[in-house]
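A.B. asks: Sequence:
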Amino acid sequence: MTSLPVYRETRFRTPTGAERTVGLWVDRIGAGTDRHRPGAPRLRLLGQFAAVLVESGAGTLVTQHAGTHRVQPGDVILLAPDEPASYQPDTEWYSRWIVWNGPEAAALQGLGYLPPPGRPLLRGCSNAVNQAYFALLKVMASEDLAAVLQRKLAVLRLVLDLFEAHRHSAAARSAARLGEQVIEFVTRNYAQDLSIPELARTFHVSPTHFRRLFHAYSGRSPREFVNAMRVSRAKELLSQGIGIKQTAAEVGFDDVCYFMRVFRKMTGTPPGRFAAGKGM
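Residue numbers (our numbering): 7 to 286.
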């Protein structure tokens, strides 16, 4: 937890009666260039929701509970009403922001449509913020009933886009972690009988999902990866003078003829010729 001084934002737009009735309103939008401010940062308690797209430049985001994050071009800073935060560029950056509030905004957060305060930085969401920003730009100055609803719809679209991007990002992180575990397991156990159903059971996924995950992470099918590991080790053993039959058994091939076919396919050289040339 960061122990920096906190101050409360005092700038709010008073929503109209119609906006209060629909339960969600846009407080303000804006765009501009900010420059680095020297000195220790102070955390601002915004009291509203905000999405800040950093279009160019890089800098730092500090929140009270999630600590310090590096901000890169294209990142979206997501601010929650009750999470004090401070953000500024290393030198300067250009950003666009949307600030919104209302009981329905809080309800959407409670339902999980927005990431928790511990994940205040989103990547791959710049289009969502830009689309909402330019849609709102057309109706911010209007106070008729149509504009009230258009502003609400633009924010709902933004929240949905951020939700889907965060969900896909979380799924990708989960898949990457599982991919790393699978690769590590296969690398350690390549000489064992590694069937797809057995591997899938080991990692609690279906065989179809296992194949798809493995290929997405390694660029190869599980069988191609295992055979590559086995042939790599076989080349070492053959170079040490180990016979073809023993080498095949040690790297996990029960069928010597199949081992010879796989070896030749992957190296372009039969194992006997490779052994005679000691690695060629």
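Hint data in this document are derived by calculation from the structure and do not stem from the laboratory.
Watch out, some of these pointers could steer you wrong.
Ranges of calculated distance between the beta carbons of each label pair, as one might list FRET restraints [said to hold, decoys possible]:
(1) Met266 <-> Thr66: 33 to 43 Å
(2) Ser148 <-> Tyr100: 49 to 59 Å
(3) Gln78 <-> Thr20: 28 to 38 Å
(4) Thr275 <-> Ala197: 40 to 50 Å
(5) Thr193 <-> Gln78: 46 to 56 Å
(6) Arg17 <-> Glu190: 26 to 36 Å
In silico SDA-like cross-links for lysine to any residue, where the CA-CA straight-line distance does not exceed 25 Å [to be verified]:
(7) Lys144 <-> Glu110
(8) Lys144 <-> Gly247
(9) Lys251 <-> Arg239
(10) Lys271 <-> Ala234
(11) Lys251 <-> Val192
(12) Lys144 <-> Leu155
(13) Lys251 <-> Tyr223
Positions of the beta carbon are idealized from the N, C-alpha and C atoms, including for glycine.
A.B. asks: Each hint: holds or not?
C.D. replies: Hint check results:
1. For the hinted restraint 33 to 43 Å between Met266 and Thr66, the CB-CB distance of approximately 59 Å leaves it violated.
2. At about 26 Å, the CB distance of Ser148 to Tyr100 disagrees with the hint of 49 to 59 Å.
3. Between Gln78 and Thr20 the beta carbon distance is about 36 Å. The supplied range of 28 to 38 Å therefore holds.
4. Against the hinted window of 40 to 50 Å, the Cβ-Cβ separation of Thr275 and Ala197 comes to about 22 Å, which falls outside the hint.
5. Taking the beta carbon of each, Thr193 and Gln78 are about 32 Å apart, not inside 46 to 56 Å as hinted.
6. Taking the beta carbon of each, Arg17 and Glu190 are about 52 Å apart, not inside 26 to 36 Å as hinted.
7. Distance restraint check for Lys144 and Glu110: the Cα-Cα separation of roughly 23 Å lies within the 25 Å cut-off, and the hinted pair is therefore satisfied.
8. For a cut-off of 25 Å, the pair hint linking Lys144 to Gly247 is broken: about 77 Å separates their Cα positions.
9. About 14 Å separates the Cα atoms of Lys251 and Arg239, which keeps this hinted pair within 25 Å; it holds.
10. Between Lys271 and Ala234, the direct Cα distance comes to roughly 11 Å. Compliance with the 25 Å bound is thereby established for this hinted pair.
11. Restraint check for Lys251 and Val192: the C-alpha separation of about 23 Å stays at or below 25 Å, so the hint holds.
12. Proposed proximity of Lys144 and Leu155 is supported: the alpha carbons are some 13 Å apart, at most 25 Å.
13. A C-alpha spacing of about 33 Å is found between Lys251 and Tyr223, which places the hinted pair above 25 Å, so the restraint is violated.
The structure fails to meet hints 1, 2, 4, 5, 6, 8, 13 from the earlier list, while all remaining hints are met.
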